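Add chain B to chain A, keeping to what the hints say.
Single-letter residue listing:
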Amino acid sequence: MPQAAERKALEKGLHKLNENMVTLAELAELSIRKAVDGLTRLDPEVAQEVFTLDQEVYGLQLEIERTCIDLLALHAPVARDLRTITTSLKITTDLDRIGRYGKDLSELTLQFRDRHIVERADVARIQEMADRTITMVDTAIEAFVHRNAESVRNIIEVDDAVDLLHDENFKDIVRRMTEGKLNVETGARYLLVNRYFERIADHAVNIGLRVVYMVTGDWLPRVRAADRAKRRDDGSAKPTP
Amino acid sequence: MAIKLSVESVSAWYGEKLAIQDITMDIEDRMVTAVIGPSGCGKSTLIRCLNRMHETIPKARVEGKVLLQGEDIYAASPVSVRRRIGMVFQKANPFPTMSIYDNVAAGLRLNGVRNRDELDKAVLGSLKQAALWDEVKDSLDESGASLSGGQQQRLCIARALAVKPEVLLMDEPCSALDPIATAKIEDLIFDLKKDFTLVVVTHNMQQAARVSETTAFMYLGKLIEVNNTRELFERPREALTESYITGRFG
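Residue numbers (my numbering), protein chains in the order written: chain A, 370 to 610; chain B, 84 to 333.
With the rest of the complex left out, here is chain A (with noise of 0.2 Å):
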């Protein structure tokens, strides 16, 4: 059973941690809303900064990664205190991921700016996908920060809502390529764009469900967005008793 001095030592591991974990999504979120700026406003010196916070990221994930394992291995943690340590460890892989989809859209933002190939509206679509995107990273975050499973309890239905979005991005773009409306290397690039947010909003996802398990101890499944509706209108056929 942990001493008052080993109790003092995990708590004050689990504080550090705590901090860490709040700076790395700091700079996960700050990496996404730099290169969306960098994006929109095809800001190559932007496009450079979200590069180097994506080394700051990588470089902070390690330290983490390192704390969790030590805390892990000194104090054998269990329960809020398990779940806080293999929460933060988990998601650090997805705060991560949110750093490098920043990265990835800095390169893109340089190759754009070098063709000199966007149009108004397609800067309009890519912002209202990204405004969404932020705003699901941002709801994670703040979750993770105040330990508030519910802010994020219905976050998989959020995402549906970026999911649709993606779906009707795709198509149109597609749709202008084959119309030849839309240079194919541009579009292509667009799809990719589309795409990244998409996985952002995914990993936001990830956070909100590891949060309500970290805070509550309960799983929330990932369910597809058609399976739900299923379950749903199954739900709603049944007669009630």
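Honestly, the hints are just simulated from the structure, not real lab data.
Only a predicted model underlies this, so the values are computations on that prediction, with no experimental measurement involved.
C-beta: ideal position from N, C-alpha, C; glycine also.
Be careful, since some hints might not be right.
[As the list claims (entries may be wrong)] A few chain B positions that, by computed beta-carbon distances, are all more than 12 Å from chain A:
1) Asp105
2) Asp109
3) Arg144
4) Val145
5) Lys148
6) Ser182
7) Val246
8) Leu260
[Stated by the list, open to error] Beta-carbon label-pair distances, calculated as ranges:
9) A:Val543 x B:Glu111: 58 to 64 Å
10) A:Asp439 x B:Glu91: 41 to 47 Å
11) B:Pro262 x A:Gly428: 34 to 40 Å
12) B:Glu111 x A:Phe539: 50 to 56 Å
13) B:Ser160 x A:Arg591: 55 to 61 Å
14) B:Lys277 x A:Tyr427: 47 to 53 Å
15) A:Ala493 x B:Arg313: 39 to 45 Å
16) A:Arg591 x B:Gln152: 42 to 48 Å
17) B:Met84 x A:Ala557: 36 to 42 Å
18) A:Gly428 x B:Ala228: 55 to 61 Å
19) A:Gln424 x B:Asp112: 54 to 60 Å
20) B:Leu303 x A:Asp596: 44 to 50 Å
Chain B alone, transformed into the frame defined by chain A:
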């Protein structure tokens, strides 16, 4: 899941002092149930009530019922109860003047078994079940006290198993052992649950998490929570359990 032991509103006293209060819980057949809690919470008293050991202490008394497959153990003779519900103690206590063989055979002899073949078979079987046979097969005539601490504890387990109990109670069986001897006992607990119902009192929460399917947490003589072990250590129901297992008190 079949219930082997039912504890119904059991309270126990040492003289005027109430040690455990109104404990009700079921113990599943051929499973390991761990009992955890801070020193003095009554966990040893609880398991001593499960085979009528508590009442052997002067001025100690028990109220409530303990049902072994539906039969109240307090309505049966203590000797027959202890034959069906064996116990292993914190400190290994082999009979010091007896050989390893005689230690294991002691319970059977007490029950009137004299046939040498039957005794040999029981000693061999019990020592094998207790994972001690390979280490002592060439020294069965040596004193039980000549063994290491971990071996002595396994000898005591073999002695308890020799009378073929249905339930084995273990009171801090590894607290005096090093990590290697502890690991052997834990492996043994894992093997034994195929044939026996085990109740293990332990101070070591990681041990409870490793060996048991169900964990009971006691505090100040009360049963605070009985839960699936994984659940109890991952998401305890009671705030008091969470505080104890995370080391916030105790």
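Numbered hints the structure breaks, given as an ascending list:
15, 17
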